[in-house]
Amino acid sequence: MLYSDRKIIEMRLPLNEKVLKGLKAGDEVLLSGVLFTARDQAHQRLAALLRKKVSLPFDLKGQVIYYCGPTRTPPGKAIGSCGPTTSSRMDSLTAPLLRAGVIGMIGKGRRSEEVRKLIRKHKAAYFLATGGTGAFLSKRVISAKAVFLKELGPEAVYRLVVKDFPVIVGIDSRGEDVFDR
Amino acid sequence: MERRKNNTMKRLTEKIISATIARLCVEANTCFRKDMKEALVRAINSESNPRAKSILKELLENAALAKSEKIALCQDTGLPVVFAEIGCDVDVRGLDLNRAINKGVEEGYRRGYLRESIVSDPLDRRKGSKFSPCIIHFDFGLHKGLRLTVLPKGFGCENKTQLKMFVPNTPIVEIKDFIVSAVKAAGPDACPPYVVGVGIGGSADYASLLSKKALLRHIGKRSAQALVAGIEKELLADINKLDIGPMGLGGKTTAFGVNILTYPTHIAGLPVVVNISCHVLRSAGAVLR
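If you read the sequences in order, they're chains L and C. First residue of the first sequence: 10, per the working numbering; consecutive thereafter. First residue of the second sequence: 3, per the working numbering; consecutive thereafter.
Next up, chain C with everything else stripped away, as it sits in the complex (with noise of 0.2 Å):
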């Protein structure tokens, strides 16, 4: 699997980064995550519309059906974005990770009999979808080993992503504001109860990546800022109290949780992305030590 080499510096081979993709795409696509489950009973529990809580109900029971049966969650099994977080004590020189990691993603899709969702041409539409590329974010960190991270984005939640430069001094409420009208925007159609994933300051790209990584935070903590928690539990009160419910058919479960991710931005600038996940919000991750 891997070798020593001073003693300090592991070897991490391609085959077993695939391999470990590969298992982790099947994860995460047929095994509902635990905070999201216990966010859905909490859910049940709360709900009084009768119609959000047979309809919550039915999400709980196809989250026990898809693990009983190895059948995946959702049949947008989404696109694949990957987190790949190389370690201080890691040598992959010689490695080709992007090759390792879409090997992966094909062998996870094709052993967990998910769905070929990408085009290969953004523009030419007509040759029918394939499994891979994914998308991959590399990074480098302090910590010890190969952290990755898989996670699934279904498109109909993704097409409801909204970006939004504002200018530095503008009051937090215009900014909650913001956040609150996307997921009025999102409405019925991109299966709420939602997960709101938001990522303010950086730049508009840097915003984007924020929020999509808000996803992947447990959705019951909140942020470790006194601040953005605050933000976070008006936004979910907000956000709960526009009736669109289940399906948007109505109930006070219109989101689960909402993540806020912050970073240092530019003096003229206040990049805010909205990054909406459905009620099936998806990721599974391991460490390769």
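For reference, chain L alone in the conformation it holds in the complex (with noise of 0.2 Å):
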């Protein structure tokens, strides 16, 4: 079985490719930092900029994005429920995100070839968080703001600062797909 053995490995966000080079698909990781949301609208929205060549609000360089769109913030609390979306409605939209800088996505299921080639390329990753678990996921946001497409209301681009969030490798550095099996 590709995973017996169930060490899990603690990560510093921002990722480089020297740390990614060490993941293998199917790896279980703990995300510690910053991570910036983005689902359909906002990769509309990014990919238009950047094509444009507008310069963003914030800098892509070795983040990673979270496919997520959260419910409203409960009183009280760093962020509603926020677990992940169907990645491959980004699968289009990817490009010119890993063109500009971005090193690792956080989504759930498959992602399409031109993708799993495209992470090998820039020595990327792509990670999968589990899937309907919103509410226990968003134990571990420690804080969350709208920083870009405000009107786009959940799909807007939220600053995330994450503690121990679970994921699991799905497309390593060499564009090994967990998925492959």
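Everything labelled a hint here was simulated from the structure, so no lab data went into it. All clues stand as given, with none of them false.
The following residues of chain L were derived to be distant from chain C, with all beta-carbon distances above 10 Å:
| hint | residue |
| --- | --- |
| 1 | 18 |
| 2 | 19 |
| 3 | 20 |
| 4 | 21 |
| 5 | 30 |
| 6 | 31 |
| 7 | 39 |
| 8 | 56 |
| 9 | 61 |
| 10 | 63 |
| 11 | 66 |
| 12 | 67 |
| 13 | 123 |
| 14 | 130 |
| 15 | 152 |
SDA-like cross-link-like pairs, simulated, lysine to any residue; straight-line CA separation at most 20 Å:
| hint | chain 1 | residue 1 | chain 2 | residue 2 |
| --- | --- | --- | --- | --- |
| 16 | L | 16 | C | 55 |
| 17 | L | 154 | C | 130 |
| 18 | L | 159 | C | 122 |
| 19 | L | 172 | L | 39 |
| 20 | L | 86 | C | 66 |
| 21 | C | 59 | L | 149 |
| 22 | L | 159 | C | 121 |
| 23 | L | 16 | C | 51 |
| 24 | L | 148 | C | 60 |
| 25 | C | 55 | L | 190 |
| 26 | C | 59 | L | 173 |
| 27 | L | 30 | L | 125 |
| 28 | C | 186 | L | 190 |
| 29 | L | 172 | C | 63 |
| 30 | C | 105 | C | 94 |
| 31 | L | 148 | C | 59 |
| 32 | C | 132 | L | 83 |
| 33 | L | 86 | C | 72 |
| 34 | C | 72 | L | 149 |
Predicted, not measured: the structure shown is a model, and the values here were computed from it. Ideal Cβ placement from N, Cα and C applies to all residues, glycine included.
Reassemble the complex: the two chains are provided individually, in unrelated frames, and hints are given to aid placement.
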């Protein structure tokens, strides 16, 4: 069994090529540090802005993008329910973000062959978070702030500070895919 | 709340309908369905793949946290699908039921800190999203009271819906293959373990409605028709051999249940719709009398 050793790797964000090199598909990782959320509409907008070479209010270089649109934030909490959305919808808009320096993505489900090759080319990584555990994952978020495209509500870009955010390596920097079983 | 009329007809108000819908929206999104929890516990006990087992335990922990923290089970609080079945002893004359139900959805989603997941224009999505409108299915029956059921349907799994118009004498094995292939196509993407709702018969639109209604049936209960109950059991066994498992990472828990509803259909056709639910199958119901 590929995942028999349940060793959990702790990692600080932002990530870099060197630390990603040490990860292989199927590894369990706890991420701590800064993540940026972006899902369907944010991807459309970011891709369009990058195409026009407009500078963004935050630097994508070395960042990890989390495919997530949280619920509203209940009083006294850092964030509402905040699990991953289906990654394949972002496949066609992933290339410009990787070119802009994004080094990791978090979502759920399979990626296209094109994305797998792009991940290998950019020596990046794709992580899986457990879908449908938005309440559980919200406890691993220390703070959340909408930083871009605020008018999109749940689809805005949020800057999250996370602590021990649990993910599994879906596609590693060599392009190995956990779903190729 | 309600006024008796002729001692038999019960008069409902828009206010009580809105308040009930609001409560059901919060309940469905934060309290894990009892039959789902039971199925999850059974799966934890029978799953032998260690990673699958640990993911299933995470789902149970998620449900406990959602309840204690009063937070949504999943950030996709769905497209609320509301079933309103008007009984033979309720008087709804003069009421705007569409308005009452949508108002309830907005109230509930706001109060529960749920998510605005509805785009007003499906072709122009730049303006952001809202809590409503929801989808409403009205029906009339001989039961008493107004039955209200809210099913917030997440769209990761709704996107995996499949419809096929079979020819009348298609062997059952081909229909079963179609249903299994729909689950296979959903694969790891739509948050397995799934609950598979199937509608067989009626028209294309009615089979779709049946496939959604099938998700409301207790997942431990089989169809009352022996033939259909047999197909449900065989399908569940076949699906659980696919080794998709929790989050698609392998294991024998690919689905918790298969629920099929059938209806008479035309001599020339045999519509079949597969509507998949993720492991966070949510619904809540109440009867207003």
